[in-house]
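With our numbering applied, the sequence shown closes on residue 882, and no number is skipped along the way.
Don't read these hints as lab results, they were simulated from the structure.
Owing to the predicted nature of the structure, the values given are computational and were not obtained by experimental measurement.
Warning: the hint list may mix true and false statements.
[Said to hold, decoys possible] Below 27 Å or equal to it, Euclidean Cα-Cα: the simulated BS3-like pairs (lysine-lysine) are:
| no. | residue 1 | residue 2 |
| --- | --- | --- |
| 1 | Lys578 | Lys765 |
| 2 | Lys488 | Lys239 |
| 3 | Lys203 | Lys241 |
| 4 | Lys765 | Lys607 |
| 5 | Lys607 | Lys835 |
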Amino acid sequence: MGRKKCKAFSQYKSIKMLFLMFLVHKVATQSCPGSDAFLVPHEWYQPGDFIIGEMVSHIQYHLYEFKFNENPSIKPYEIPTVVTKFHQHVLALAFAVKEINEDAQILPNITLGFHIYDSYDNPRMTYRTTLDLLFKSQEFVPNYKCDSRKYLMAIIGGLDFDTSSYIAEITGFFKIPQLTYGSLAQEEFETSKRSSLYFMVPKEDHQYIGIIQLLHHFRWTWIGIFSVGNNNGENFLQKMKLLLSENGICSSFIQRLSQVYLENFPEVYQTISIISLNWINSKANAFLVYGEALTIIWLRIVTFMVDPESREIALFRKVWIMTAQIDFILSGFQISWDLQMFHGAISFTPHSRAVVGFKEFLQTINPLSVYRDGFLQDIWEQSFDCSFPKPELQGIHSRKCTGEMKLENLPAPVFEMEMTGQSYSIYNAVYVVAHALQTLYKLRFNRKTATMDKEFDLPNLQSWQLHSFLHGISFNNSAGERVFLNEKGEATGGFDITNLITFPNRSFERVRVGKMDSSSPKGNELFIDEDVIVWHTSFNQVLPISRCNNPCFTGYWKKGIEGEQFCCYDCAPCPEAKISNQNDMDDCFECSEDHYSNEEKNGCILKTMVFLTFEETLGIGLAAEALGFFFLTFWVLGTFIKHRDTPIVKANNRSITYTLLVSLQLCFLSSFFFLSQPGKVTCLLRQSTFGITFSVAISSVLAKTITVVVAFMATKPGSQMKRWVGKRLAFCTVLSCSLFQVFICILWLLTSPPFPELDMHSELKEMILQCNEGSAFFFFSVLGYMGVLAIASFIVAFLARKLPDTFNEAKFITFSMLAFCSVWISFFPAYLSTKGKAMVAVEVFSILSSSAALVGCIFLPKCYIIVFRPQLNLREQLTKRN
1 MGRKKCKAFS QYKSIKMLFL MFLVHKVATQ SCPGSDAFLV PHEWYQPGDF
51 IIGEMVSHIQ YHLYEFKFNE NPSIKPYEIP TVVTKFHQHV LALAFAVKEI
101 NEDAQILPNI TLGFHIYDSY DNPRMTYRTT LDLLFKSQEF VPNYKCDSRK
151 YLMAIIGGLD FDTSSYIAEI TGFFKIPQLT YGSLAQEEFE TSKRSSLYFM
201 VPKEDHQYIG IIQLLHHFRW TWIGIFSVGN NNGENFLQKM KLLLSENGIC
251 SSFIQRLSQV YLENFPEVYQ TISIISLNWI NSKANAFLVY GEALTIIWLR
301 IVTFMVDPES REIALFRKVW IMTAQIDFIL SGFQISWDLQ MFHGAISFTP
351 HSRAVVGFKE FLQTINPLSV YRDGFLQDIW EQSFDCSFPK PELQGIHSRK
401 CTGEMKLENL PAPVFEMEMT GQSYSIYNAV YVVAHALQTL YKLRFNRKTA
451 TMDKEFDLPN LQSWQLHSFL HGISFNNSAG ERVFLNEKGE ATGGFDITNL
501 ITFPNRSFER VRVGKMDSSS PKGNELFIDE DVIVWHTSFN QVLPISRCNN
551 PCFTGYWKKG IEGEQFCCYD CAPCPEAKIS NQNDMDDCFE CSEDHYSNEE
601 KNGCILKTMV FLTFEETLGI GLAAEALGFF FLTFWVLGTF IKHRDTPIVK
651 ANNRSITYTL LVSLQLCFLS SFFFLSQPGK VTCLLRQSTF GITFSVAISS
701 VLAKTITVVV AFMATKPGSQ MKRWVGKRLA FCTVLSCSLF QVFICILWLL
751 TSPPFPELDM HSELKEMILQ CNEGSAFFFF SVLGYMGVLA IASFIVAFLA
801 RKLPDTFNEA KFITFSMLAF CSVWISFFPA YLSTKGKAMV AVEVFSILSS
851 SAALVGCIFL PKCYIIVFRP QLNLREQLTK RN
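Can you make the complete structure from the sequences, with help from the hints?
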């Protein structure tokens, strides 16, 4: 090749990089037997004014090191392994270019061409074919572009991370746009700052969010994980383990799939044994698989080699969840197998939509009509089990490949007629380049026209000039969808969730059942229509369960098992007063204060509000007792008023007697404040009314006692007590003692008044409406003051007990005070040991009992004399001494 025919890339000055590429090319050339034609036997070149390159991955060679200890001719002819389904990636680009060339609206008067190579899933070959894509000629001259008809503007590829990375190492140096069509971990590229990369499929990380939401949707918390055994798989496991743990999901097992060849049978068999043991013994019915495009082939090999009985029991009864890189493929010797074990699988796939005319385009493809497609012969031979005439195969009789063989006759695992997600991304990538090129072309053309330069020089357009037009590009494709690359060069959109339905004829159908949209609000990225999903027949169309153990139903909580993952647990019943109202609750919880747990411990029941009322037996009894004593006291008062002029009534200080009887009546009536529904008014009145009225009654008893003592002391000759005899002493005693109690009650009501409250805790099934006394100090001060008055009356009456019986009532007062004190001494422990209605009943009973004791001990004997023994109600009888 002469220099006059070659044009140098003067803008690239790195001699070190060029030398490195030269070494790579030499190593690739010298490491394999045969010529360059063997090293790169497959390509498809269609000339054009501008060329779009593509690097696909659907052919694999086993590249052995060449040895000179045997005749190369003795070695049998090596047939490559072809993933025929991925040839659609090639045809998608060809179809897109065909559409653009036929469209007068895009790049008018310009022919778009393409050049397609294969990476052969081999790093060395990827470097070699990338260099050939850039500098294709009969010999390699670094930094020179020797084919004046080829203007490479962009490269589309590759399918997986490794291939894309190898391509990017070269294209990034030359600033040639590279548009990947696989779901890759873009952050790996971003760390290297490869600005020439564009991503037609959203980041791989978006799938992780979708996987978690998918597992949550179906409540699968116990899953098995298969991951390809390389750096990508380890990165996936590292991120997924954290996400699973944060979202309450555990892995039953994690199995790394080694990429080993079948000739290493011991290693393969050992791997298969481990895998089969894992999934046969696992309770998990959901298997998550992360891998590369050909991972499904490896899984199918494993299942084929496992014991048939265990395969039927364990392998077919699983739900397979596939990530976007995995495709349902059968290739090579597997081509006659089926994919029945994956029936009902759920797969994340790059978003796609049917493109008009693509299926018809595929129907026209055959190796006789598309003679430039260097891939088709191997595709046809492996897909249809036929052969084309070859010199090295003379004498071998086999089925002959014909033009009657059509791609549409192949089962879906071999070739799909519907556009797949990767093909759709390639289709959009071609249009992205075309639209960017059109924008650049128009801009340059307008500048040339403005300078009156009639001749437009196509070679002056350089691929690196497209970058400013690729970022932020937006248009509607022929399928009616918007294609947009953001400022980072990433396509927006999401993933389709598809359900695999297999058929007995080895074919299958992908049914779209949902979508993963990364632009949706957080937590709602995943949409899935569960009703249209078809599960494997072994589940009888019932939602599969994938858990470590049966769920803990309501009334139970998850109790962790020592040494096990948190997804495995025992179900323990909720303790007393706690419930769980949902399945699989981490702990039971208490009902609100106004509710209590039912017997099943799975719900709360509203507590009934209770208080001591007139309608219940206890309330009726106390009310009847209060009314009975009230009318008895009323009768006593009437009797004393009727016989007010009799000696007994006169001798008992009528005014003090009337005061005592009226106050006792009020004491009996005050009990009704305790028997009514507690409210603001009743709570304020009940204790203060009782305290004041009872204080008046006790003060009256004290005044009567003092009056008796003073009266007898005044009868002694020369006594100075005569001046105290009369109503003044009694009145002062009653008034002063009562006012002090009034002062205590006023101070109580002003500082810390009683108020109604609900006691939620004393009873399990009831909430007690009661009066909170506000201040326990004032409450017991009121009771304590009455106790002081009662003790004082008791002491005075006790000292006067030996006075003449016919006139002396101190003995009766002593008995009454003894009964009164006994009641209230027993009141305190009883009151403090009870709650709710019982507490109120104790206080009411104490009020009635102590008041009745005063009436009975002081007044009933006198009423007996007045009513039944009037002959004793004479002055002579009262002044008579024993």
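Evaluation of the provided hints:
{"no.": "1", "hint": "Lys578 to Lys765", "verdict": "holds (13 Å)"}
{"no.": "2", "hint": "Lys488 to Lys239", "verdict": "holds (23 Å)"}
{"no.": "3", "hint": "Lys203 to Lys241", "verdict": "holds (18 Å)"}
{"no.": "4", "hint": "Lys765 to Lys607", "verdict": "holds (5 Å)"}
{"no.": "5", "hint": "Lys607 to Lys835", "verdict": "holds (16 Å)"}
Comparing the model with each numbered hint stated earlier shows that all of them hold.
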